[in-house]
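Fit chain B to the supplied structure of chain A, relying on the hints for placement.
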Amino acid sequence: MPPKPHRVLLDRVSGYADEAAAYMRRRRAFRRPFARLYYGGGRGEDHAADAEVGGELFVAAGRLIELAGQKPKS
Amino acid sequence: MIQEARASGTSAIFTHVPDETSARVPGDSAESALAFLAEMSPDLRGAAILDGDGAVLAASGEPERWRDDAAALFAAADRAEAESVERVHVGTEQGEVFALRHAGLAAVAVTERFALASLTFFDMRMLLRDLAGRPGAP
Numbered sequence: 001m002p003p004k005p006h007r008v009l010l011d012r013v014s015g016y017a018d019e020a021a022a023y024m025r026r027r028r029a030f031r032r033p034f035a036r037l038y039y040g041g042g043r044g045e046d047h048a049a050d051a052e053v054g055g056e057l058f059v060a061a062g063r064l065i066e067l068a069g070q071k072p073k074s
Numbered sequence: 001m002i003q004e005a006r007a008s009g010t011s012a013i014f015t016h017v018p019d020e021t022s023a024r025v026p027g028d029s030a031e032s033a034l035a036f037l038a039e040m041s042p043d044l045r046g047a048a049i050l051d052g053d054g055a056v057l058a059a060s061g062e063p064e065r066w067r068d069d070a071a072a073l074f075a076a077a078d079r080a081e082a083e084s085v086e087r088v089h090v091g092t093e094q095g096e097v098f099a100l101r102h103a104g105l106a107a108v109a110v111t112e113r114f115a116l117a118s119l120t121f122f123d124m125r126m127l128l129r130d131l132a133g134r135p136g137a138p
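First to last, the protein sequences are chains A and B.
Numbered by the numbering used here, the letters in the first sequence go through residues 1 to 74 in order.
Numbered by the numbering used here, the letters in the second sequence go through residues 1 to 138 in order.
These are calculated hints, taken from the structure and not from any lab test.
Mixed in with the good hints, there may be bad ones.
[To be verified] Here are the computed distance ranges between Cβ atoms for each label pair:
hint, chain 1, residue 1, chain 2, residue 2, range
1, A, 55, B, 116, 25 to 31 Å
2, B, 81, A, 16, 35 to 41 Å
3, B, 63, A, 70, 31 to 37 Å
4, A, 20, B, 112, 16 to 22 Å
Where is the CB? At the ideal position from N, CA and C, for every residue including glycine.
In isolation and in its complexed conformation, chain A is listed as follows (with noise of 0.2 Å):
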């Protein structure tokens, strides 16, 4: 007998979650510092943190989260 259509569906949709969260999970795992420059027209240019442009970058982007402090909880 086959499947119900509403099992169908509901198995593709909790797919479909299962592979974002194990997305998500794997983009914090791996996810490293980056900083990323765009342009006009959508162009972006990554900096690495041992060049110079990407050194400055991180330098200043510490300054503003130190003085943005923590997000105070609720």
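Just chain B, lined up with the frame of chain A:
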């Protein structure tokens, strides 16, 4: 280099705002826009809105430090290429920094790690677009 940028003042940095001339926005409009951004973005830790000359229109915290640190960030970003940068996104272990120039204004936001970049930039862009379109802005 960042200290040099600070010493040389901030006005030159924000004259690179790529589109339109500097917008004049009332400070109370900017304050409400910032409050709205904080409400819309659960990951937001702090933010500032600046005019085209680099002056702080609204900020969560110390306006002078936001002005100086935002100027340093844009200065470092603009040194990368001859073209003025439109968006800056830096992700670190401690948090993420987003900076955007739009409609003659600039916004800088600090968020928790893993904030969704496209949504954060979208919210910031909408905020600046609304502010630039309000009465008082050219």
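(request) Identify every previously stated hint that the structure contradicts and give their numbers, smallest first. (result) Violated hint: only 3; rest satisfied.
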